[in-house]
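Novice: Here are the chains, one letter per residue:
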Amino acid sequence: MKKGIAGSLSSCDCYCVATESNHPTIQIDSVVDAFFHEQILQAITQAIQESNHLNVDIHLIDKGAFDYTIQARVLCAIARCFE
Amino acid sequence: MRRSLLFIPGNNPAVLNNSDVFLADGVIFDLEDAVSVDEKDAARLLVAKYLAGIKKGKTELLVRINACDSTYLESDLAAIVMPSLDTIVVPKASVKELKKLDKLLQVLETIRGIKKPIGLLPIIESPQALLEVVPISKQNRVVGLLFGAEDYTASMEINRTKNGFEILYPRNVIAVACKAAFIDAIDTPFTDTLDVDALKVDAQLAKSLGFVGKACIHPSQVEVMNEVFSPTLQEVFQARRIIQAFEEAKTAKLGVFSLDGKMIDEPVVKRARTLLSKAKQAGVWREES
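First to last, the protein sequences are chains A and B.
Each residue of the first sequence is one higher than the one before, starting from 1 at the first, in my numbering.
Each residue of the second sequence is one higher than the one before, starting from 84 at the first, in my numbering.
Each hint should be verified, as a subset may be incorrect.
Okay, derived cross-link-like pairs now, SDA-like style, lysine to any residue, Cα gap no bigger than 25 Å in a straight line [what the hints assert, rightly or not]: (1) 2(A) with 124(B); (2) 139(B) with 12(A); (3) 3(A) with 95(B); (4) 63(A) with 95(B); (5) 63(A) with 121(B); (6) 3(A) with 123(B); (7) 63(A) with 135(B); (8) 63(A) with 102(B); (9) 123(B) with 50(A); (10) 2(A) with 123(B); (11) 3(A) with 155(B); (12) 3(A) with 120(B); (13) 2(A) with 120(B); (14) 123(B) with 5(A); (15) 123(B) with 66(A); (16) 123(B) with 20(A).
A short list of chain A residues far from chain B (calculated; beta carbon distances all over 10 Å) [claimed, not checked]: (17) 23; (18) 30; (19) 35; (20) 41.
Derived from the structure by calculation, the hints contain no laboratory data.
Where a beta carbon is used, it is the ideal one built from N, C-alpha and C, also for glycine.
Looking at chain A on its own, in the form it has when it is part of the complex:
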């Protein structure tokens, strides 16, 4: 199974694991999940679509990252997964 990892567990960052999958899922562990779950989910979904690799599981551990950071880390993890 192909896998790609990007980001870190530092404050304002997020740690993203992308795994090739025929049944894609998105798992979010966030310190601000109660307030921003939908926004984080949207940022991840947009990045998956931008990557053109829809067959991935994403596990994102968020440490208060802004949308642009989440998108960058998801894109990087997916790129590393399929490189």
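For chain A, the structure is supplied; the task is to place chain B on it using the hints.
Specialist: Only chain B this time, still in chain A's reference frame:
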């Protein structure tokens, strides 16, 4: 204005998030030395996403790309060339590489509909670049030259000192080349982030040689740079007196006149006008004040 250009590591979201609160005239998102080889792709994506989402303010946005002879060049440009990017900082610059960059940027700007041409700020950081500094300063898009003393002294196999005696010659050459080409001379960063007094002395020396600003490697250096490279109130006051005296002399049809016992002629008046213009930009002085 480029009094203070602050380097920010390209793969650090905590610092990127705050890049506009440090009050630097420009921020340089670094994809080169501040990023390890196995994180180049992550940094490139992070900076690209940051630039794509930023609300453009007064701060100049610059990116230091990887060297033009590296395998990263095309990926770096493809990611970061967008309307919000003002200037690309070019490490290990040479005329040949600046010409290549100019062509690549023309293509990308056309494809992406970018109206305002992206500028280039080459780093002069080798003896070869120093010997080529005049043609480098005249290349398309070049808005200034940044002196990189660490790599320069390493190439020269000489030690860096706090007083900077060993880099006096390259500083002189770069400052003169920039003035001749009407572009900005930006001085090398001061690497001791704890010694503010020495930083100030170093910046004042650079200013006295003709540099208009200095690169910063820590946010704490920004305020010092903005202060040193802005005209002082005393200088503004004297410049206004010179202009006023000049206007009076003009009315009296005098070509040359004196103020406080010193001769005032056209170059002095010109310098006073330039200083007032800089003071206005820096917010030190307003026309009605």
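Novice: Each hint needs a verdict: does it hold in this structure or not?
Specialist: Consistency of the hints with the structure:
1. 2(A) with 124(B): Judged against 25 Å, a Cα distance of about 18 Å means the pair holds.
2. 139(B) with 12(A): Holds. Residue 139(B) to residue 12(A) sits at ~21 Å (cutoff 25 Å).
3. 3(A) with 95(B): Between residue 3(A) and residue 95(B) the Cα gap is close to 23 Å, so the pair holds against 25 Å.
4. 63(A) with 95(B): holds (13 Å)
5. 63(A) with 121(B): holds (22 Å)
6. 3(A) with 123(B): Distance of about 18 Å is within 25 Å: holds.
7. 63(A) with 135(B): Distance of about 22 Å is within 25 Å: holds.
8. 63(A) with 102(B): holds (19 Å)
9. 123(B) with 50(A): The given pair, whose Cα atoms are some 20 Å apart, holds under the 25 Å limit.
10. 2(A) with 123(B): This hinted pair holds, its Cα atoms lying about 21 Å apart.
11. 3(A) with 155(B): holds (23 Å)
12. 3(A) with 120(B): Measuring from Cα to Cα gives roughly 20 Å; hence the hint holds.
13. 2(A) with 120(B): Judged against 25 Å, a Cα distance of about 22 Å means the pair holds.
14. 123(B) with 5(A): holds (14 Å)
15. 123(B) with 66(A): holds (20 Å)
16. 123(B) with 20(A): Holds, at roughly 23 Å.
17. 23: holds (26 Å)
18. 30: Holds, since 15 Å exceeds 10 Å.
19. 35: holds (17 Å)
20. 41: Given that every Cβ of chain B is farther than 10 Å from that of residue 41(A), nearest at about 17 Å, it holds.
Every hint, counting from the list given before, is met by this structure.
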